[in-house]
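As a plain string of letters, each chain reads:
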Amino acid sequence: QKEVEQDPGPLSVPEGAIVSLNCTYSNSAFQYFMWYRQYSRKGPELLMYTYSSGNKEDGRFTAQVDKSSKYISLFIRDSQPSDSATYLCARWTSNTGKLIFGQGTTLQVKP
Amino acid sequence: DGGITQSPKYLFRKEGQNVTLSCEQNLNHDAMYWYRQDPGQGLRLIYYSQIVNDFQKGDIAEGYSVSREKKESFPLTVTSAQKNPTAFYLCASTRGGGTGTGELFFGEGSRLTVL
Chain A
213 QKEVEQDPGP LSVPEGAIVS LNCTYSNSAF QYFMWYRQYS RKGPELLMYT
263 YSSGNKEDGR FTAQVDKSSK YISLFIRDSQ PSDSATYLCA RWTSNTGKLI
313 FGQGTTLQVK P
Chain B
6 DGGITQSPKY LFRKEGQNVT LSCEQNLNHD AMYWYRQDPG QGLRLIYYSQ
56 IVNDFQKGDI AEGYSVSREK KESFPLTVTS AQKNPTAFYL CASTRGGGTG
106 TGELFFGEGS RLTVL
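Chains as they are written, first to last, in our numbering: chain A, 213 to 323; chain B, 6 to 120.
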């Protein structure tokens, strides 16, 4: 079983839709969960991170971690064409200094 | 401007040849990483280094080698032993390998094609 699993999509939504991106993880160790965004032919950039459990909101983006089900979610409200990118969830374990990524979900927001 | 510079951006190589990808950072970060990205597979960790003169294998280290002689540099060599080297390679760094929050800063990537 992979440490972080993510549905690669692709996912296509109309502009203004609410987008839900999801990952599952297998290791319950103390850790941070991250969401990175990657535009085509570019390096990923950090979008948000959450600490072990709970919600975090930043503008149109909300990151959520459910420890009981080992589920990580990213919600995008009022999606825009500029949100079209690949979204990668990742798990950071501080005692090893490793960042492990899911497969990434490709999102297209159509005008 | 601080950042991570990868070179070359595009590289073509014949089968059986070794090739070295450069990664330089001026962010004064301790930890550096190499990932490989293939379509539909996300980023897979090749090697990482938390301090100068020390590095660890990631999940797919076979056929690759690295060195970390300077804090700002972490070159990756793709050897002829790597069976499927055509991929997009990403270098990243972060402030403190074991104490940070996983905020990695990435370069623009190097796309290697084996002919």
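Just so you know, these hints were derived from the structure itself, not from any lab.
Bear in mind the structure is a predicted one, so any value in this text is a computation, not a measurement.
Glycine included, C-beta positions come from ideal geometry on N, C-alpha and C.
Among the clues, some could well be false.
Derived Cβ-Cβ restraints for the label pairs, each shown as a range [to be verified]:
#, chain 1, residue 1, chain 2, residue 2, range
1, B, ASP59, A, GLN292, 15 to 25 Å
2, A, TYR283, B, PHE17, 24 to 34 Å
3, B, ASN89, A, ASP278, 21 to 31 Å
4, A, ASN239, B, GLU108, 16 to 26 Å
Straight-line distance between alpha carbons at most 30 Å, and here's what the computed DSS-like set of lysine-lysine pairs gives [unchecked claim]:
#, chain 1, residue 1, chain 2, residue 2
5, A, LYS322, A, LYS279
6, A, LYS282, B, LYS76
7, B, LYS62, A, LYS214
8, B, LYS14, A, LYS279
9, B, LYS75, A, LYS282
10, A, LYS279, B, LYS62
11, A, LYS214, A, LYS254
12, B, LYS88, B, LYS14
13, B, LYS19, B, LYS62
14, A, LYS282, B, LYS88
15, A, LYS254, B, LYS62
16, A, LYS214, A, LYS268
17, B, LYS76, B, LYS14
18, B, LYS19, B, LYS88
19, A, LYS254, B, LYS75
20, A, LYS322, B, LYS19
21, A, LYS214, A, LYS282
22, A, LYS279, A, LYS268
23, A, LYS268, A, LYS282
24, B, LYS14, B, LYS62
25, A, LYS268, B, LYS14
26, B, LYS75, B, LYS14
27, A, LYS268, A, LYS322
28, A, LYS254, A, LYS322
29, B, LYS88, B, LYS62
30, A, LYS268, A, LYS254
Beyond 10 Å from chain A on every Cβ pair, some chain B residues (computed) [stated by the list, open to error]:
#, residue
31, ARG18
32, GLU20
33, SER27
34, ASN33
35, ARG49
36, ASP64
37, THR84
38, THR106
Structure-based check of each hint:
Here the CB-CB span from ASP59(B) to GLN292(A) is close to 43 Å, at odds with the stated 15 to 25 Å. With their beta carbons about 42 Å apart, TYR283(A) and PHE17(B) fall outside the hinted range of 24 to 34 Å. For ASN89(B) and ASP278(A), the Cβ-Cβ distance of about 36 Å falls outside the hinted range of 21 to 31 Å, so the restraint is violated. Against the hinted window of 16 to 26 Å, the Cβ-Cβ separation of ASN239(A) and GLU108(B) comes to about 20 Å, which satisfies the hint.
Annotation: proposed proximity of LYS322(A) to LYS279(A) is violated, straight-line Cα distance about 33 Å (limit 30 Å). A C-alpha spacing of about 36 Å is found between LYS282(A) and LYS76(B), which places the hinted pair above 30 Å, so the restraint is violated. Pair hint LYS62(B) plus LYS214(A) holds up; C-alpha atoms about 17 Å apart against a cutoff of 30 Å. Between LYS14(B) and LYS279(A) the CA atoms are separated by roughly 40 Å; this puts the pair beyond 30 Å, and the hint is violated.
For the hint pairing LYS75(B) with LYS282(A), the CA-to-CA distance comes to about 39 Å; that exceeds 30 Å, so the pair is violated. For the hint pairing LYS279(A) with LYS62(B), the CA-to-CA distance comes to about 29 Å; that is within 30 Å, so the pair holds. A threshold of 30 Å between alpha carbons decides the hint, and for LYS214(A) with LYS254(A) the separation of about 25 Å falls inside it, so the pair holds. Using a Cα cut-off of 30 Å, the hinted pair LYS88(B) and LYS14(B) holds, with the two alpha carbons roughly 21 Å apart.
At most 30 Å may separate the alpha-carbon atoms for a hinted pair to count; LYS19(B) and LYS62(B) meet this at roughly 26 Å. For the proposed pair LYS282(A) and LYS88(B), the alpha carbon gap of about 34 Å is over 30 Å, so the pair is violated. Restraint check: the Cα-Cα separation between LYS254(A) and LYS62(B) comes to about 24 Å, which is no more than 30 Å; the hinted pair holds. A C-alpha spacing of about 25 Å is found between LYS214(A) and LYS268(A), which places the hinted pair at or below 30 Å, so the restraint holds.
Using a Cα cut-off of 30 Å, the hinted pair LYS76(B) and LYS14(B) holds, with the two alpha carbons roughly 22 Å apart. Our distance criterion of 30 Å between C-alpha atoms is met by LYS19(B) and LYS88(B), whose separation comes to about 13 Å. Distance hint between LYS254(A) and LYS75(B) is fulfilled; the C-alpha atoms sit about 26 Å from each other, no more than 30 Å. The suggested pairing of LYS322(A) with LYS19(B) is violated, with an alpha-carbon distance near 40 Å, which exceeds 30 Å.
Distance restraint check for LYS214(A) and LYS282(A): the Cα-Cα separation of roughly 13 Å lies within the 30 Å cut-off, and the hinted pair is therefore satisfied. Between the alpha carbons of LYS279(A) and LYS268(A) the distance comes to roughly 14 Å, so the proposed pair stays at or under 30 Å and holds. The straight-line distance between the Cα atoms of LYS268(A) and LYS282(A) is roughly 16 Å, inside the 30 Å bound, and the hint therefore holds. At roughly 24 Å between alpha-carbon atoms, LYS14(B) and LYS62(B) fall within 30 Å of each other, so this suggested pair holds.
For the hint linking LYS268(A) to LYS14(B), the alpha-carbon distance of about 35 Å lies beyond 30 Å, and the restraint is violated. At most 30 Å may separate the alpha-carbon atoms for a hinted pair to count; LYS75(B) and LYS14(B) meet this at roughly 22 Å. Distance hint between LYS268(A) and LYS322(A) is fulfilled; the C-alpha atoms sit about 26 Å from each other, no more than 30 Å. The straight-line distance between the Cα atoms of LYS254(A) and LYS322(A) is roughly 21 Å, inside the 30 Å bound, and the hint therefore holds.
Our distance criterion of 30 Å between C-alpha atoms is met by LYS88(B) and LYS62(B), whose separation comes to about 17 Å. Simply put, LYS268(A) and LYS254(A) have alpha-carbon atoms about 26 Å apart, close enough for the 30 Å limit, and the pair holds. The Cβ of ARG18(B) sits about 20 Å from the closest Cβ of chain A, beyond the 10 Å cut-off, so the non-interface label holds. Every beta carbon of chain A lies more than 10 Å from that of GLU20(B), the smallest distance being close to 25 Å; the non-interface claim holds.
The beta carbon of SER27(B) is kept farther than 10 Å from every beta carbon of chain A, the shortest such distance being approximately 15 Å. Taking the minimum C-beta to C-beta distance to chain A, about 17 Å, the non-interface status of ASN33(B) holds against the 10 Å cut. The Cβ of ARG49(B) sits about 8 Å from the closest Cβ of chain A, inside the 10 Å cut-off, so the non-interface label is violated. Distance to chain A contradicts ASP64(B) as a non-interface residue, since its nearest Cβ pair spans about 8 Å, not more than 10 Å.
With 10 Å as the threshold on Cβ separation, the claim that THR84(B) sits away from chain A holds: the shortest Cβ distance comes to roughly 23 Å. The Cβ of THR106(B) sits about 5 Å from the closest Cβ of chain A, inside the 10 Å cut-off, so the non-interface label is violated.
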